[in-house]
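*Asks:* Each chain is listed here by its residues.
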Amino acid sequence: MGFLMDPYAIFLVRWLHVISGVMWIGLLWYFNFVQIPNMPKIPDEQKPAISKVIAPAALFWFRWAALSTIVWGLIQAWQLGYIGNALSLGLMSKSAAHMSIGFGMWMGLIMAFNVWFVIWPNQQKALGLVDCPADQKPKAARTAMLFSRTNTMLSIPMSYSMVAVHLA
Amino acid sequence: MKNPLESLQNTILLGIAITIVMALIVKYSF
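Protein chains in written order, with this note's numbering: chain A, 1 to 168; chain B, 1001 to 1030.
To be clear, the hints were calculated from the coordinates, so they are not data collected in a lab. Warning: the hint list may mix true and false statements.
[To be verified] Here's a subset of chain B near chain A, in silico, CB distances under 8 Å, partners left out:
{"#": "1", "residue": "Met1001"}
{"#": "2", "residue": "Asn1003"}
{"#": "3", "residue": "Gln1009"}
{"#": "4", "residue": "Ile1016"}
{"#": "5", "residue": "Ile1018"}
{"#": "6", "residue": "Thr1019"}
{"#": "7", "residue": "Met1022"}
{"#": "8", "residue": "Ala1023"}
{"#": "9", "residue": "Leu1024"}
{"#": "10", "residue": "Val1026"}
{"#": "11", "residue": "Ser1029"}
{"#": "12", "residue": "Phe1030"}
[Said to hold, decoys possible] From the structure, some residues in chain B lie toward chain A, with a derived Cβ separation under 8 Å:
{"#": "13", "residue": "Leu1005"}
{"#": "14", "residue": "Leu1008"}
{"#": "15", "residue": "Thr1011"}
{"#": "16", "residue": "Leu1014"}
{"#": "17", "residue": "Gly1015"}
Where is the CB? At the ideal position from N, CA and C, for every residue including glycine.
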């Protein structure tokens, strides 16, 4: 595993973390800034183009990018030797930088949990990708939407705390 | 009461508010 501590390997993991994060948050913002607000403006007979084609494809890249971001991010924190101090929010190391990156890591972890265990299962019901009684679909869609909004809210302090570490 | 996250604008404002609180906690904790 020594090769993982090579400076180029540390850089490569950071880059993979960043591009995965761009895809994840890019698609999260697509859902919240573009798709959800504009669905009511689309005539009913055209809605399946979004719900049956675009949304399932976007959700595929969305959830795997979320997992990829978390995996590379945790490897990076381990490579840089602060995974424990960051996850304990710098309270053990008394470091503001560990607290800053730790806030971001916890928000990212909560967001990835929401993607895999709340948004994706409820979207599968709402989009009809799994069997679900028709009367439960609106509730599933609402739950998915609210957790997607929660992640959009968290993406603001999450990204801030990750890129503001050098100020701490 | 309506969930504030139903509005995209409130979602962003809440995100900014959390960011400010978090930045202040980081700045003044140690």
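*Asks:* Compare the structure with each hint and give your call.
*Replies:* Going through the hints against the structure:
1. A distance limit of 8 Å between C-beta atoms decides the matter here; for Met1001/B the minimum to chain A is near 14 Å, and the interface restraint is violated.
2. For Asn1003/B, the shortest C-beta to C-beta distance to chain A is roughly 6 Å, which falls under 8 Å, so the interface hint holds.
3. The interface hint given for Gln1009/B is violated, since its Cβ lies 11 Å from the closest Cβ of chain A, which is over the 8 Å cut-off.
4. Interface restraint check: Ile1016/B against chain A, minimum CB-CB distance 6 Å, threshold 8 Å, status holds.
5. Because the smallest distance between the Cβ of Ile1018/B and any Cβ of chain A comes to about 5 Å, under 8 Å, the interface hint for this residue holds.
6. Among the interface hints, the one on Thr1019/B holds; its C-beta lies about 4 Å from the nearest C-beta in chain A, closer than the 8 Å criterion.
7. This hint holds: Met1022/B has a C-beta 5 Å from the nearest C-beta of chain A, less than the 8 Å allowed.
8. Nearest Cβ of chain A to the Cβ of Ala1023/B: about 7 Å, under the 8 Å cut. The hint holds.
9. Of the supplied interface hints, the one on Leu1024/B is violated, with its beta-carbon coming no nearer than about 12 Å to a beta-carbon of chain A, more than 8 Å.
10. A least Cβ separation of about 5 Å between Val1026/B and chain A falls short of the 8 Å threshold, and the interface hint therefore holds.
11. Look at Ser1029/B: its Cβ gets to within about 6 Å of chain A, closer than 8 Å, so that hint holds up.
12. This hint holds: Phe1030/B has a C-beta 5 Å from the nearest C-beta of chain A, less than the 8 Å allowed.
13. At its closest, the beta carbon of Leu1005/B sits 4 Å from a beta carbon of chain A; the interface hint therefore holds under the 8 Å criterion.
14. A least Cβ separation of about 6 Å between Leu1008/B and chain A falls short of the 8 Å threshold, and the interface hint therefore holds.
15. Because the closest C-beta pair between Thr1011/B and chain A is about 5 Å apart, less than 8 Å, the hint holds.
16. Against a cut-off of 8 Å between C-beta atoms, the interface hint on Leu1014/B holds, since the closest Cβ of chain A lies about 5 Å away.
17. Against a cut-off of 8 Å between C-beta atoms, the interface hint on Gly1015/B holds, since the closest Cβ of chain A lies about 3 Å away.
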